[in-house]
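First to last, the protein sequences are chains A and B. So for the first sequence, this note's numbering puts the first residue at 5; every next one is plus one. So for the second sequence, this note's numbering puts the first residue at 5; every next one is plus one.
Hints may be right or wrong, so weigh each one.
Heads up, the list lumps identical chains together, so a pair's fine if it works in one copy or across two of them.
[What the hints assert, rightly or not] Straight-line distance between alpha carbons at most 25 angstroms, and here's what the computed DSS-like set of lysine-lysine pairs gives:
#1 K86 with K194
#2 K55 with K149
#3 K125 with K187
#4 K57 with K87
#5 K27 with K144
#6 K40 with K57
#7 K57 with K149
#8 K149 with K190
#9 K57 with K27
#10 K57 with K194
#11 K149 with K187
#12 K149 with K87
#13 K140 with K40
#14 K45 with K193
#15 K55 with K190
#16 K45 with K140
#17 K187 with K82
#18 K190 with K10
#19 K149 with K86
#20 K144 with K55
#21 K149 with K125
#22 K40 with K125
Calculated from the structure, these hints are not laboratory results.
2 protein chains.
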Amino acid sequence: MATADKNTEKIILEAAKIVFLEKGFDGSRMQEIADKAGINKALLHYYFRSKEKMFDAIFQEAFQQFIPHVAEIMSSDKSLLKKIELFVETYITMLSEHPHLPIFILHEINRRPEQLVNTIKNFGIQPELLIESIQKEIKKGAIRKIDPRQLIVNMIGLCIFPFAARPIIQRIIFENDDIQFDKFLKARKKEVTDFIINSIRLP
Amino acid sequence: MATADKNTEKIILEAAKIVFLEKGFDGSRMQEIADKAGINKALLHYYFRSKEKMFDAIFQEAFQQFIPHVAEIMSSDKSLLKKIELFVETYITMLSEHPHLPIFILHEINRRPEQLVNTIKNFGIQPELLIESIQKEIKKGAIRKIDPRQLIVNMIGLCIFPFAARPIIQRIIFENDDIQFDKFLKARKKEVTDFIINSIRLP
DNA sequence: GTCTATATTGTGATAGAC
DNA sequence: GTCTATCACAATATAGAC
């Protein structure tokens, strides 16, 4: 694992990320992270002082990835259909590359909401921008009347849920076939886009 | 907590359920469960032998609740609109009463998929029934062409996601206001129903 | 910076009295 | 059935040599 040239801190962070994302804070062991990084436990503490501080570093990075950076997409001058298509496409692609992200973030935030909420605040997420941009579309008469917050939750939920529930869905619907499920995810990009577009078009 | 008349096993199970659902298996402590049940640790082992066996009892019950018992609803002779409305209404109401259920199930299954999948198998969930019933609607020309599996995932995801992501949504969109968020959930029943109906109606 | 050895506390589980 | 006391080991963290 200790791939030659990289500095130790990076190597540790990579190992920690894998373990934390798969097992969560409570289920992770410093020993396992050390093993995966090819070093010993003491070094972990030398670089990060405590398990919690190490976790915080990982969580911060993971959360930033998890929250869709949707402001740019939505504030561009593309058509609404294109915007939504781009959002869904981008988000599902990213999640395919980091499939553990959803349950990790969801579970950890649920464990320590007050504590981790500070981390959130620093990112300056502004849902108002997105909400306004949706409201504009409604006023223009481009889409039907809908609570923008409901729409946002729908869009994000439709993208995230299959990843958070993958072990269940794959086993119950796809008889635990990886390839089948991957096909399902690929098809899902268009499927979700269509689903959203249809649901907000005028009656 | 030890409310007089109930037998000890029930009392333990209730305490265990609260702790496990909030903190997960890895984050839960036998001591905390004992405290909440108003007894001592030794009794937990007297009744359940191990933490794992106790957890299994809780998980089994929780999972049964989590999987929507949708077969009855979908195989009735109500209109499709009514079926979907009933499904969404029932499911969101149940989740409102057990808000920790989604992340708990999602996280635990992700931790030990192989192990917990056996528990699933015993429930004899048959998605084929639901899939067929959707396909019938498509053939009738009642709804547009859509992969039934995608539609099922959409329906369930739209219901579950706000609960799994509640701590984030509530803080980012609702400035951590409980009442606002509850209103949002209440409105969501109609909102999700409309969203689905619109998205599958014929072009 | 990196290691070995060790301190210290936490935690699941059992023994045995009542 | 329920309790107290205790075991055995796991896990975070630190001390100190190199």
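Hint check against the structure, violated hint numbers in rising order = Violated: hints 2, 4, 5, 7, 10, 13, 14, 15, 16, 17, 18, 20, 21 and 22.
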